[in-house]
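Colleague: These protein sequence lines are chains A, B and C, in that order.
If you're matching positions, the first sequence starts at 1 in the working numbering and goes up one per residue.
If you're matching positions, the second sequence starts at 344 in the working numbering and goes up one per residue.
If you're matching positions, the third sequence starts at 689 in the working numbering and goes up one per residue.
Calculated directly from the structure, the hints in this document are not laboratory data.
Do not take every clue at face value.
Chain A is faced by these chain B residues, among others (derived, beta-carbon under 10 Å) [as the list claims (entries may be wrong)]:
# : residue
1 : ASP506
2 : MET578
3 : SER579
4 : GLY630
5 : PRO672
Owing to the predicted nature of the structure, the values given are computational and were not obtained by experimental measurement.
Note that CB positions come from ideal geometry on N, CA and C, so glycine has one too.
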Amino acid sequence: MVKLEDLKKEATQILKSGKVKYIIGYAKGADGFMPIPTFISDPEDVENLTWNPACVHNLTKFIVDEKKRLKKDKNPDNRPIGIIVKGCDSRAINVLLQEKYIDRDDVYLLGVSCEKTGVVDEKKLAKTLKGQRVVQIDFEDNGNFLVTTESGSEKIPAEDVLAERCIECKANFPVVFDIVFGEKIKRQVDKPFQSVETIEDLSQEDRWKFWKEQLDKCIRCYACRSVCPMCYCDECVVDTISFAVEPDTSAEEKAQKIKWIEKSPNLSENIVYHLTRAMHLAGRCIDCGECERVCPLDIPIRFLNKKMEKDAKNFFDYEVGFDPDQPSLVSSFKDEDPEDFIR
Amino acid sequence: MEKILQKKSFPKWVEKLDAYEIYSPVKKDNTWSYEIINTPGDIELDYPNAVQAPKKIINPQREVFLEFGRSDDDTLEVTEVLPEEKSVVIFGVRPCDAKALTLTDLVFSEDIKDNYYGKRRKQTAIIGLACNTPPSPNCFCTSVDGSPHSEDGFDILLTDLGDRYFVKSLTNMGNDLINLGKGLFVAPKANEKKELAKIHADAEKKLKRQVNDVEKIPPKLKEMFESAFWDEESMSCLRCGICTYLCPTCHCFDISDEVTSVAPFKGYRIRTWDNCQFPDFTMHSSGHNPRPDKASRLRQRIMHKYQYFVERYDHYQCTGCGRCISKCPVGIDIIEVLNKVRDYG
Amino acid sequence: MDNENVYLPKLAKIINIKDEVNGARPIKTFRAQLLTETNFSHRCGQCAMVSVFGKGESMFAISSSPLVKDYLQFSIMKMGRVTSSLHSMKEDDIIGIRGPLGNSFPIEDWKGKKLIFIGGGIGLAPIWSVLQFALGQKKDYGDLILIYGARTSKDLVFKEELEELRKEMTVHLSVDVEEEGWKEFVGFVPQNVTDKKPSPKNAIAITCGPPIMIKFVIQALGDLGFKDDQIYTTVENKMKCGIGICGRCNIGMHYVCKDGPVYSWAELKELPQEY
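Extracted from the complex, chain A is given alone in its bound form (with noise of 0.2 Å):
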């Protein structure tokens, strides 16, 4: 098990050396018991750092962040950035740097493993617990969830209010890191598709129908791109004016920015912009599943992520962040690619 005591020591040592420039990790969050990512330049706070089901956070949102900063900063101070790195966010690093958005020397991986189980599915929990409010969540050995409310601690299974991604997580231990906490514990995944295959398993009446629903729940708030560390463009088809503006931009440039999808947050702009932001991600997403965890909607935007991760594996042998080396899935070609799609 992750051992919270050694996580800090290291992270107070790295600081300290000047090592990291700061340290982007979990704390308490001022209410519940949701952590919320802090980030540390003084050892001193180190003390507030935590570690537990509920860091269910992907912070390598805030290396893309940290990199937009600098690269308008006209003194940037280029040391390292301390990150805690699940197995899944490990794998968006991965991506990060075979995309070369970032370079290895950007972050200091503080790799943590996921042990059995992996992050709680904070609706989930409650939904088990029944309104009973949540003090404190712990990892127990056997693949449990200490769990504490109001009215004392109980043990809870960690399959019933693991969050989806992890049920089908393949690695849920970090691949890259600068060092590691917890053990690695081989886990078997049967079915690593099987969520998706729910889906694909109805009509494409049904689907359709299905698709319809969810989609038209879309207020368009942005947060699945928000959070995603993969959606780190500097404009997105969906913004409605060029980001990119400097003083001599041209004004016809400005005036023919295409609008691919309207304001309106309607069925058919949503489709098109889910689908085009799906499409992107496809052979980049590792699921996080952050995009489905943030939506306010409830919208099962993990699903069409997940099609794209099975097509990729399926059809081109596809495996997203193992390898930051791999050519792209969208960028490279092979011989035995198969071809009977294109009609």
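Given the structure of chain A, go ahead and fit chains B and C onto it with the hints provided.
Modeller: Below, chains B and C alone, put in the same frame as chain A:
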């Protein structure tokens, strides 16, 4: 007007409202949402609160202002489009969300009137449900001049008394709705009034969270415009639109033209929700952006609600519903931010 | 209950288009006549939302004097979607106009005072209406002075009108850098202000131009002894509704579209710098 309605008579009352378009909280997948219901049985009032406030009915995310196009002889034609004339009832509105409408009223009818909002507001009756227990762990209405049984913005307020509702009509529109159910309502007895008072008093004690000395915040904010505080607090902000789109009081919008056909030329001018957390919200055509980073945008959200709105309308533009806290992907907690502001420096 | 629909533009026909400035940032002056209504009455400094249907709306200062009833005038720099499309329009084309919007210069309070107009580039347009109005009511005001400049002589707007203006008031022009044949001041507008030393005595200064110019003009005026409430300027922010509802142009509690765009420096310096 105060009445008692037996819960078993509730569907009978709703049946009498067949001339109205009726919205009620409905459970969809895992979340509650205000939807048009077809039969009284679809109304569920045993619910916490909807993810989206009923503002989405009064101030829909997309509103068509006008239609434009060119006729066969190439003449430009512009036609005004107004909301459909109809009578609407919304059931199950929580006090925070109803109060939010009264705040939006201030903005949409300060002196220049917005006909679209005005019309929808006027033709919609708001039937509330007092909160006997806080619908969200992050409720803090009592900190911002609200309460679990506040009557602001309601035509009728229902309070659950177990097998009955205590029904209080607050407007003529409310009286009319009750009169449609004549015979179903009876006058409350003294003990029922007592019961009501007790439930209301107890409900206030059940709130878990609060912002103390909230009145100290507006003057404090005024001194904090340049503060590094906003950089620190916004570090984890993802610049998504959840906090503002789910907020019952946020009302900012965009106006844009959508061309649906190039030949013949045809399209709509529409209003859509917009929000201060998106970078394009304030960016000038020149590329200059007065709010260039997430720190300035978080500052705007907090200052608008707790300083500018107070200065302009003498109310906090926040009703303590807790949605922005519960749904923030990174746990930015307005209660925590406000408490820190109050104690800052 | 029905009052006027504030979002419904009045249709107007473009009756005249004049090229003011060419080059990468061209400026054209448009005159437009409302198709049906004739009682559009604005005050000096007010703005209007101009629509190109299918492209959208943008807010512009009305540069014609309220005394002119035949048309509304806008001087518009080609900047983005709406302005590019306006620049490609011809006479007789139809646009939409919503307004008048915003506050205005307190010109009534300035009676008997000397008025100094200080503009840079396209910034002459928002103060042109008040300048024209004061000129039309010349007997009500003291001396009228214009200090105006641009990067080069080619970037000056209203060139012909400026020559006419010289007959009626003092006009000091400037260009940023030396150029052949230029006989007037060379240097930035604030430097020209310092050079011409207008006296603050019973005077009001009205300035508009690029933000950086406004900043230094205010400094220069301050050095000459102008008090904060003797200096007026106009502010610009991104706008959509124009009526203080949509929430994007605010500076503190002020909505520039409704409570502005005209501010005295005394008022503006109290507001956060978010424009």
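Colleague: Next step is simple, just say for each hint if it's right about the structure.
Modeller: These are the hints, each one checked on the structure:
no.	hint	result
1	ASP506	22 Å, violated
2	MET578	5 Å, holds
3	SER579	4 Å, holds
4	GLY630	3 Å, holds
5	PRO672	4 Å, holds
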